[in-house]
Amino acid sequence: MKRLTPRRACVVALVLFGALLALSALPAGAQEAAKEPAYREFPYIGSRLAVWAVAQLHLNFAAFILGVPIFAVIIEIIGWRTSDARYDWLSHEFVKLTFAAFSTTALLGALLLFLFVGYYPRFWGYMTSVFFPTYWVYALLFFAETFTVYLWYYGWDWLSGSRKWIHVGLGVLSNLFGTAILFVANSWVTFMMSPAGVNEAGAVTGGVWAAINNFTWMPINIHRLIANIVFGGTIAGAYAAFRFLSATTDEERARYDWMGYVGNFVALSAFIVLPFAGYWLGREIYAFNQTMGITMMGGFMSWLWIIQAILIGILFLGSNYYLWLGMERIPGAERYRKYVPPMLIVLTIGFMVWATPRSMVVTLDEARAMGGTHHPLLGFLGVMSAKNTVVNLMILTTFLSYILYRRANKVSTRPWVKTGMALQWAALGLAAVVVVFYGVYGYFVESIVRIGFSVYQVLAVLAAIVLVMAIDVPMFKGASSTGTIRWGTIAPRSQYVLILLAVTFTWLMGLMGFARSGIRQHWHVYGILRDTSPDAVTPALGYASNVITVVTLAFFALVMFIFWLGGLGEKGKAGAHAHAAPVLAGGSDTDR
Amino acid sequence: MRLPVSVKVGLFSIAVMGGYSYFANSIPQIESRPPQELSLEGGNVTPAQLVKAGEEIFKTKGTCEICHRIGQKGTRAPDLAGVGGRAAKMKPGMSATQYLVESLVNPNATIVEGYPPIMPAVDKPPIALNRSELWALTAFLQSLGGTVEVALADIPATAGGESGAGGAATAVALPGDPKAGKAIFTGKGTCMACHKAGDVPGTPVGPDLSQIAQIQTPDYIMKKILDPKGMGTVANFPPGVMPQDFGTRLTAKEYTDLVAFLLTLK
Amino acid sequence: MSFLRSRFLQAVVVFVGAFVVLRFGIRPPAPWSVITLYMAIVAMALLIFVSSDRDSWASFVRPIWATLTEPRYRIVRAVVVVGLPLLLGYYAYTQAAARPQAPPELRAVHPAPPDSIQFRGKDFNISGAENPLRKDPDAFARHVAAGGAIYVRNCMFCHGDNLDGQGHFAHGFNPPPANFQDPGTIAMLQEAYLFWRIAKGGPGLPKESTPWNSVMPAWEDRLTEEQIWQVIMYLYAATGQQPRRWEATH
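Chains as they are written, first to last, in numbering that gives the first Met the number 0: chain E, 0 to 591; chain S, 0 to 265; chain D, 0 to 249.
Treat the hints as calculated values from the structure; they're not laboratory data.
Below, simulated DSS-like cross-link-like pairs (lysine-lysine); rule was C-alpha separation at most 30 Å, straight line: (1) Lys58/S with Lys121/D; (2) Lys72/S with Lys121/D; (3) Lys121/D with Lys51/S; (4) Lys72/S with Lys134/D.
Here are the computed distance ranges between Cβ atoms for each label pair: (5) Ile110/S with Val549/E: 44 to 52 Å; (6) Glu225/D with Ala47/S: 32 to 40 Å; (7) Glu250/E with Leu46/D: 26 to 34 Å; (8) Glu250/E with Ala14/S: 27 to 35 Å.
The C-beta atom is built at its ideal place from N, Cα and C for all residues, glycine as well.
Model the full assembly from the supplied sequences, consistent with the hints where possible.
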């Protein structure tokens with residue numbers, strides 16, 4: 000790993016230098032824009048597809064290197080405060096992954112820039128006229144981010160012991176820089192969706208800050224920040240799964256089993272709040288422009304949300320399945336085995352309702368048999384009332400899975416344990432009843448009242464989660480154990496679930512990227528800069544999903560290659576490595 | 000014998016994403032195409048043509064129908080039925096034309112009570128109607144309960160974007176059999192459910208076709224059968240009623256026969 | 000009976016059972032596209048169920064493994080090896096074969112009615128509206144008879160003399176005319192909803208969820224307000240359905 004460093008540093012520096020050169024050449028280029036063509040044609044595949052593919056790849060990598068350090072530093076802090084070497088090792092392992100992906104991200108970013116400058120000169124000239132000052136901020140932030148992460152990673156041993164707080168501070172600082180980079184880049188993207196600070200002709204009127212602080216900027220910042228954590232968690236989990244599957248020793252298996260578990264835990268925790276951020280973003284899109292909102296939800300993109308629902312259903316099923324499989328490695332978990340079938344039934348039925356389309360695909364004969372164009376029974380399941388209800392039930396079930404996993408090998412020693420358990424079940428049951436009640440009641444009231452019900456449902460679920468946890472933590476403090484977790488003995492198929500989650504989430508990101516970009520339809524900058532290229536048509540879902548699949552495959556191939564490179568550096572000196580992993584098999588059972 | 004882990008994981012990932020792609024491709028595919036420009040300047044346009052063009056803009060490029068209905072009160076925007084008659088009385092000192100044009104290019108100048116000020120200026124992007132299109136749209140609005148009196152000069156010279164228009168109908172010789180076509184008209188095509196045609200009785204739901212060959216070109220008739228919506232609707236008849244699927248239900252022979260029959264209706 | 004306790008058999012039984020329930024238990028039949036989606040989810044859940052712990056997975060895999068390897072199952076194996084590819088081939092054929100039918104389209108459910116409509120130039124509130132002709136029970140038979148006459152003159156050609164959507168012209172339309180005998184149509188709607196549909200027809204359907212392709216004419220220019228209410232009364236009386244009532248507002 001360390002041997003490769005100077006070369007890698009050179010690559011990053013070169014790429015940045017090249018990007019800066021391109022940037023500084025731009026104002027001069029803008030003056031000649033009149034003589035330049037508005038578009039050039041990328042050979043064979045067309046400019047749009049080229050930009051789409053590179054942008055999605057760049058975004059995947061960027062999301063990874065921004066998301067992973069966020070929880071890496073949290074894990075480092077946990078390790079620092081509890082003096083548990085495992086966490087320090089894990090944090091270092093996570094940062095190592097981001098580190099390997101750093102130069103690729105910069106490279107793809109530069110490639111994207113060249114594509115814009117070369118194939119969309121008019122568009123890029125316009126963006127430069129609005130955002131030129133932010134380019135310098137971006138470049139400076141990138142330098143700051145790069146050097147802080149370098150210092151963070153290479154200073155791991157140097158800044159240990161009593162100087163650990165400096166090291167943790169570096170981690171926090173690199174995250175602040177990373178988030179700032181994300182915010183700057185988001186300002187360009189969101190400006191294209193919901194331009195502000197310019198008049199109809201596109202001339203800047205409100206200054207660069209008005210253009211940055213547009214309608215969708217903050218919602219996308221938050222949405223992407225959370226999604227990056229989920230994404231980082233799933234990719235780290237998939238990496239651990241890959242290492243687990245190719246491990247040769249029990250010790251290695253135990254280590255990567257644990258790493259995969261933590262990755263999945265991180266992803267799942269952040270995933271549960273993601274829908275709320277998405278809801279806020281949707282509302283801001285409606286507030287910016289009603290037409291855009293309706294195009295997104297009810298217009299030609301309506302089926303995109305069915306596919307999204309299926310992917311989310313798979314993520315729910317997969318996460319639960321992983322927890323259940325994980326209970327096999329915990330002695331004493333057999334006590335909770337009987338809860339699996341009912342939970343699975345709730346999840347399955349919930350998934351079925353959740354994925355029921357409101358606008359169905361029917362043939363003529365089927366429409367005849369149905370006596371019209373709507374289905375009298377399934378129609379009930381396609382509306383928001385039903386979907387909100389089942390998704391809340393699915394969140395509750397997933398939480399229950401986690402609670403059972405938590406107590407799998409514990410026996411509480413508190414005298415009030417009976418009351419506590421009864422209270423917990425009552426809280427969960429009550430939340431379920433509230434959710435179902437408002438779901439059913441929603442059919443009998445008009446839509447304005449119904450929209451308010453979803454808030455009660457969410458509040459009931461959140462209250463139940465908080466209450467159950469508040470009882471659970473003291474109840475199992477100092478509990479007696481039925482045995483230690485046998486890390487590494489989990490069934491290999493569970494590791495494929497981790498990979499499934501990573502693949503699905505990456506694909507979902509591509510799909511949501513298409514939704515975000517596609518609602519602009521035939522505009523580069525919505526309402527201001529018209530797309531007059533031959534690619535102005537917004538493609539259908541099938542075409543988009545093919546592109547997303549191919550790009551996601553390319554992403555995983557690249558990631559595998561980079562991780563393999565990262566692994567090369569480790570070979571032959573595992574024993575001498577300063578961060579040799581602590582032995583986990585039969586280790587502590589006090590985590591989580 | 001044993002596959003390397005990377006191959007297994009790779010195949011697994013391909014299978015998962017292939018499944019997603021397969022599903023996304025298995026549903027009907029809808030694309031979103033950029034709208035077309037319309038130019039009426041310099042040409043001689045009758046009020047009727049203008050209204051027809053305006054109605055088209057109302058439904059497509061203008062995206063008015065997303066919020067406004069004609070004959071129904073929506074929650075987002077006022078009902079536009081009778082707006083041509085009302086317009087003159089909306090604002091003192093403003094003619095119907097002036098009021099309508101102002102509502103289009105400066106919608107927030109007057110907000111009908113009880114509605115939110117959410118309407119965008121339609122001459123500005125993203126809708127970006129040009130002057131011709133605004134002219135036609137105003138004419139259409141005036142035709143709703145008022146008289147069409149707007150002239151191109153009434154539209155402020157704000158939005159530009161000119162484009163040439165033109166096209167001539169071509170004569171077609173059809174190989175179809177009018178007799179068989181009549182059987183299609185009364186039978187499989189179910190045309191008579193809505194149209195009268197010479198001695199074929201029919202309900203007055205759709206226009207009487209008894210003299211259609213005199214009124215319309217073969218080109219129009221052929222296109223109208225295959226794409227009723229795309230060809231517009233005859234004035235005073237409800238749009239969108241004619242089935243869109245004749246192209247999939249009639250065979251090529253039945254179709255040419257039917258057109259041949261319609262061309263005999265003079 | 001260890002045979003019945005086999006996970007494999009259980010999974011097959013649940014899968015087939017789920018299919019039977021979804022295919023024949025839902026009336027009217029659900030569209031294939033939805034059934035396929037549901038069955039895919041059921042298959043996924045079953046896989047999770049049988050593999051959620053070691054013993055269960057072993058018990059699930061055992062019969063499959065035995066069929067594939069043990070000599071005594073040679074005939075079963077031959078049937079599976081030949082049958083499965085044939086089945087897949089048949090599926091591929093059904094997907095790819097050209098059919099004399101228009102490809103399936105996206106369909107939307109009943110749209111939400113507008114709050115109010117313009118009926119012949121005057122405002123007409125849809126939400127909360129009741130049929131005014133029902134106020135006078137003595138005139139009920141007279142109104143139903145008048146509605147019947149209107150139905151026969153205007154509606155029967157498409158909606159059929161049995162009110163089942165099987166009129167003379169019904170086969171020509173996609174989507175087909177509504178079947179009033181179906182408890183899922185008028186029985187689930189308020190009379191005012193029907194008034195809106197009859198008065199405004201296909202053209203009055205909202206812009207969202209297009210294309211509707213409905214060929215229902217707008218009757219407001221041809222029928223008076225009273226005539227529309229009469230024909231609505233006839234529809235309910237002749238089918239024996241009860242109109243849905245408005246929920247009490249808060």
